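Q: Work out the full structure, taking the sequences as your base and the hints as a guide.
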Amino acid sequence: MSFLDLKNVTKIYPNGTKAVHETSLSVDEGEFMVFVGPSGCGKSTLLRMVAGLEDITEGDINLDGKLINEVDPSERDVAMVFQNYALYPHMNVYNNLAYGLKNRGIDKETIEQKVNDAAKLLQISDYLQRKPSMLSGGQRQRVAMGRAIVRNPKIFLFDEPLSNLDAKLRIQMRLEIKKLQQKVGVTSIFVTHDQVEAMTLADRLAVINNGIIEQLGTPIEIYDNPKSLFVAGFIGSPQMNFLDGNIKNKTLSAEGFEIKDIDSDFEGEVKLGIRPEHLSQSENSLINLKVDLVEQLGSDNLVYGHLKDKKDFCYRCPGNLTIEKGADLSLNIENNKYYIFDKSTGKRVN
Amino acid sequence: MKIKPLQIIAHIILILGVLLMVVPIWISFASSSHDSVTILTEGMKFHIGDQLARNYNEVLNEKGGWSEEVTAAKMFINSFIMALGIATLKVVISAMSAYALVYYRFKLAVPIFWLIFITLLVPLEVRIFPSYKIVSDLGLTNSYTGLILPLVASATATFFFRQFYKTIPDELLESAKLDGANAWSFFIDFLVPLSKTMIAAMFIFMFVYGYSQYLWPLIMTTAEEYWTVVMGMKIIYTESYEGVALPRTAERFAYIILSMIPPVLVVVFLQKWFIKGLIQTEK
Ligand SMILES: Nc1ncnc2c1ncn2[C@@H]1O[C@H](COP(=O)(O)OP(=O)(O)O)[C@@H](O)[C@H]1O
Ligand SMILES: [Mg+2]
Numbered sequence: 001m002s003f004l005d006l007k008n009v010t011k012i013y014p015n016g017t018k019a020v021h022e023t024s025l026s027v028d029e030g031e032f033m034v035f036v037g038p039s040g041c042g043k044s045t046l047l048r049m050v051a052g053l054e055d056i057t058e059g060d061i062n063l064d065g066k067l068i069n070e071v072d073p074s075e076r077d078v079a080m081v082f083q084n085y086a087l088y089p090h091m092n093v094y095n096n097l098a099y100g101l102k103n104r105g106i107d108k109e110t111i112e113q114k115v116n117d118a119a120k121l122l123q124i125s126d127y128l129q130r131k132p133s134m135l136s137g138g139q140r141q142r143v144a145m146g147r148a149i150v151r152n153p154k155i156f157l158f159d160e161p162l163s164n165l166d167a168k169l170r171i172q173m174r175l176e177i178k179k180l181q182q183k184v185g186v187t188s189i190f191v192t193h194d195q196v197e198a199m200t201l202a203d204r205l206a207v208i209n210n211g212i213i214e215q216l217g218t219p220i221e222i223y224d225n226p227k228s229l230f231v232a233g234f235i236g237s238p239q240m241n242f243l244d245g246n247i248k249n250k251t252l253s254a255e256g257f258e259i260k261d262i263d264s265d266f267e268g269e270v271k272l273g274i275r276p277e278h279l280s281q282s283e284n285s286l287i288n289l290k291v292d293l294v295e296q297l298g299s300d301n302l303v304y305g306h307l308k309d310k311k312d313f314c315y316r317c318p319g320n321l322t323i324e325k326g327a328d329l330s331l332n333i334e335n336n337k338y339y340i341f342d343k344s345t346g347k348r349v350n
Numbered sequence: 001m002k003i004k005p006l007q008i009i010a011h012i013i014l015i016l017g018v019l020l021m022v023v024p025i026w027i028s029f030a031s032s033s034h035d036s037v038t039i040l041t042e043g044m045k046f047h048i049g050d051q052l053a054r055n056y057n058e059v060l061n062e063k064g065g066w067s068e069e070v071t072a073a074k075m076f077i078n079s080f081i082m083a084l085g086i087a088t089l090k091v092v093i094s095a096m097s098a099y100a101l102v103y104y105r106f107k108l109a110v111p112i113f114w115l116i117f118i119t120l121l122v123p124l125e126v127r128i129f130p131s132y133k134i135v136s137d138l139g140l141t142n143s144y145t146g147l148i149l150p151l152v153a154s155a156t157a158t159f160f161f162r163q164f165y166k167t168i169p170d171e172l173l174e175s176a177k178l179d180g181a182n183a184w185s186f187f188i189d190f191l192v193p194l195s196k197t198m199i200a201a202m203f204i205f206m207f208v209y210g211y212s213q214y215l216w217p218l219i220m221t222t223a224e225e226y227w228t229v230v231m232g233m234k235i236i237y238t239e240s241y242e243g244v245a246l247p248r249t250a251e252r253f254a255y256i257i258l259s260m261i262p263p264v265l266v267v268v269f270l271q272k273w274f275i276k277g278l279i280q281t282e283k
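Going down the list, the sequences are from chains A and B.
Using this note's numbering, the first residue of the first sequence is number 1, and each one after it goes up by one.
Using this note's numbering, the first residue of the second sequence is number 1, and each one after it goes up by one.
It is possible that some hints are incorrect.
Said to hold, decoys possible - With beta-carbon atoms standing in for the labels, derived distance ranges: (1) Ile12/A x Ala10/B: 53 to 61 Å; (2) Gln163/B x Pro38/A: 45 to 53 Å; (3) Asn152/A x Arg105/B: 26 to 34 Å; (4) Thr110/A x Val264/B: 44 to 52 Å; (5) Gln271/B x Leu67/A: 51 to 59 Å; (6) Asn69/A x Val268/B: 51 to 59 Å.
Unchecked claim - Simulated crosslink set (DSS-like; lysine-lysine; CA at most 27 Å straight-line): (7) Lys271/A x Lys248/A; (8) Lys227/A x Lys260/A; (9) Lys166/B x Lys131/A; (10) Lys250/A x Lys311/A; (11) Lys250/A x Lys271/A; (12) Lys131/A x Lys272/B; (13) Lys310/A x Lys325/A; (14) Lys107/B x Lys18/A; (15) Lys196/B x Lys131/A; (16) Lys290/A x Lys325/A; (17) Lys196/B x Lys102/A.
None of these hints come from the bench; they were simulated from the model.
Just so we're clear, the structure is a prediction, and the values are computed from it rather than from any experiment.
Glycine residues also receive a C-beta, built at the ideal position from the N, C-alpha and C atoms.
A: So this is what it looks like as C-alpha cells:
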C-alpha cells in the first residue's frame, strides 16, 4: 500500500450533485501529485475529502497505513493552502504560523525555533510582526505556505494557490513551490486548472474530467500519449488540432488528405489530433494551411489559419521563420506523430 | 481647501444636532450648582453657581429612604452592578448562541433562530408577572442575581452576532480546523477577536439598557439596599417633600448629572475599540 491511497472514492453532495465518481488513486511518499482539470470537474472536492473537510460518500482513504475516513481534520496531520490563503486576519504572521503548533501543545521555545526556520526558508522573517492585511499577494502566499510547512505535516494540499497572483509572480511562485517541495520532501497534492502549472510542477498528474480521472501519469507520458480526446485537448498549449475523419482498411481519410497504413484496426468515424508543434513545412504536403494570423513569441511563432473546409488550425514553427499573413503553407506531420480517437467514445485507437 | 455651500449646510445641521444634545445637559449641570431657592425663583441657569460642592456632597452622602440608610452612592453602585451583569451576560450568551446557530448545522437551527427572534416582541414588561413569579419562587427577590438574570437573553444581540458570523469566510474555519482548533478554540481564538468591535458596541447598548431599567427593579426589590438609580430619581427626593419643605431642585439636577457618569464611562472606555473597528475592518 502506498502512502496515500484512495479506493473507489465517491462524493455525492446533499443536493444530489455527484462531484467525484469511484475514483482510485495512490500517491507515494514524497511524490508531487497534481490534479488538473477544468473548473467544476471535482478536483477541489477530491482534495477536500483527503483533508477531511468533506465527508466521503463511499470508498476508503488511507493515509500512512491508517484508514482516515472518519478521522477529524484536526487529527489527520495534513496542511492545506487555500486559494484565498485563508490567513488569520487578526493575528500577525508569527502567530499565523505558530497557531497550529500551539494547538498541538508544543512548548514555546520549540515553536519559536520552528517558526523562525520556516520564515527563513520562505524569506518572510522581516514580516513576522505584520498583520496579513499589510502584506502583498506574494507575501501572503508565502505566509500560507509557511503555515503549512511549519507543522511538518504528513501531506501538503494545495487548492489553486497561485490563481490570485499576477502572471509573473505566478511563474516565480510556481518555481519556488517546486523547489521547496523538493527540499522539504513532503508528499503533496496540488490542484489547478492550469495545464502549464500542472505540467511544470507534477511528478505525476491526474487529469480529471466530470469527477473521473481520465488519465494518470508523468507529464511527459500524458503529453506524448494521451489516452482520450479530452486529455489530448486539455494538455498542451496551444491546444491540439482536431480534424474529423474516417477509417476504412487502415486508411484514414480526412478533409483533403489521406493517411495510409495507420497503426489501428479501428473502422469508422474518428477524430484526428495533431499538435501544432508536430508539424513542419515540406514539399510532399498533407495539409494546406491559409495563414490568418501570426503570433510572434520570439523563440516560436504561433501560426493561426484555416484549412480548405474553413476549419481553424494552428501551427507552431521556429521563431526565425518569417511567415506572412495570407500565405499558403504546405505542412506535413513530423514522425507520424498524430493521434486518432474514436469519435463516439473519445478513446484513443492508435 | 475650498468650502462648498453644501458643506456649510451640513455643518450647520451637525452643529444644531450637537447643541440639541449638549445644551440640556449643560443646563442641568449649571443648575445643579445653584441653590434650590435660586432655581425655583429665577428658573434654570446657564452659568455655574457657587453651590456645586455642597450639592454634590449632599446627594452622594445623604442617607435617605424610609430606613434613612440608603445613599445615592449606593444606588449608583447597584445600578452599575446590574447594568454590568446584564451587559456582560447578554454579550456572552448571544455570541455563544449565535455561534451555535451558525456553525452547528443542525436541522432546527433556523426555526430556533426565528423563535429567538420572535422574543423581541415579548419584552420584559409584557412578561413581567410570570417573570416575577419565577424569580420570587426561586427566592431571588432582593438580590443582584434576581435583578440580572431575567434580562440576560437578547434576541437583538444574537441577531447581530449571527449576521456577523455569517460573513466570516468558511475557509477560515477550515484552515483553523486543519491547524487543530476545536469548536471552543475557534470561538475564543477567532470569532471573539474578530468581533471585538461588535462586542464593544453590543456591550455599550446593553449596558445602557440595563442601567435604565425601571419597572423590573421596582417590582423586584423591597429592600432599599437594592434600589437603583432610576428608582431613586423618582423616590429619593419626593419622600421628604412634606408640604413645608421646598422641592430640592438643585440636588435633583446634581443627581441627574451623577447618574449619567457610569454609562459615559463605559462609552469612553470602550470607544477606542469601537472606533478602531469602524475604521479598520480586519476581515
Ligand atoms: N458544497 C457543495 N454543494 C453542492 N455541490 C457542490 C458543492 N461544492 C461543489 N459542488 C459541485 O461539485 C462539482 C465539483 O466541484 P469542485 O470540486 O469545487 O470543482 P473544481 O474544484 O474542480 O472546480 C461542481 O459541479 C460543483 O458545482
Ligand atoms: Mg476548485
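Q: It remains to establish, for every hint, whether it holds in the given structure.
A: Comparing the hints with the structure gives:
| no. | hint | in the structure |
| --- | --- | --- |
| 1 | Ile12/A x Ala10/B: 53 to 61 Å | 58 Å, holds |
| 2 | Gln163/B x Pro38/A: 45 to 53 Å | 36 Å, violated |
| 3 | Asn152/A x Arg105/B: 26 to 34 Å | 32 Å, holds |
| 4 | Thr110/A x Val264/B: 44 to 52 Å | 48 Å, holds |
| 5 | Gln271/B x Leu67/A: 51 to 59 Å | 54 Å, holds |
| 6 | Asn69/A x Val268/B: 51 to 59 Å | 55 Å, holds |
| 7 | Lys271/A x Lys248/A | 14 Å, holds |
| 8 | Lys227/A x Lys260/A | 22 Å, holds |
| 9 | Lys166/B x Lys131/A | 23 Å, holds |
| 10 | Lys250/A x Lys311/A | 24 Å, holds |
| 11 | Lys250/A x Lys271/A | 15 Å, holds |
| 12 | Lys131/A x Lys272/B | 19 Å, holds |
| 13 | Lys310/A x Lys325/A | 16 Å, holds |
| 14 | Lys107/B x Lys18/A | 23 Å, holds |
| 15 | Lys196/B x Lys131/A | 16 Å, holds |
| 16 | Lys290/A x Lys325/A | 8 Å, holds |
| 17 | Lys196/B x Lys102/A | 22 Å, holds |
Violated hint for the displayed structure: number 2, the only one.
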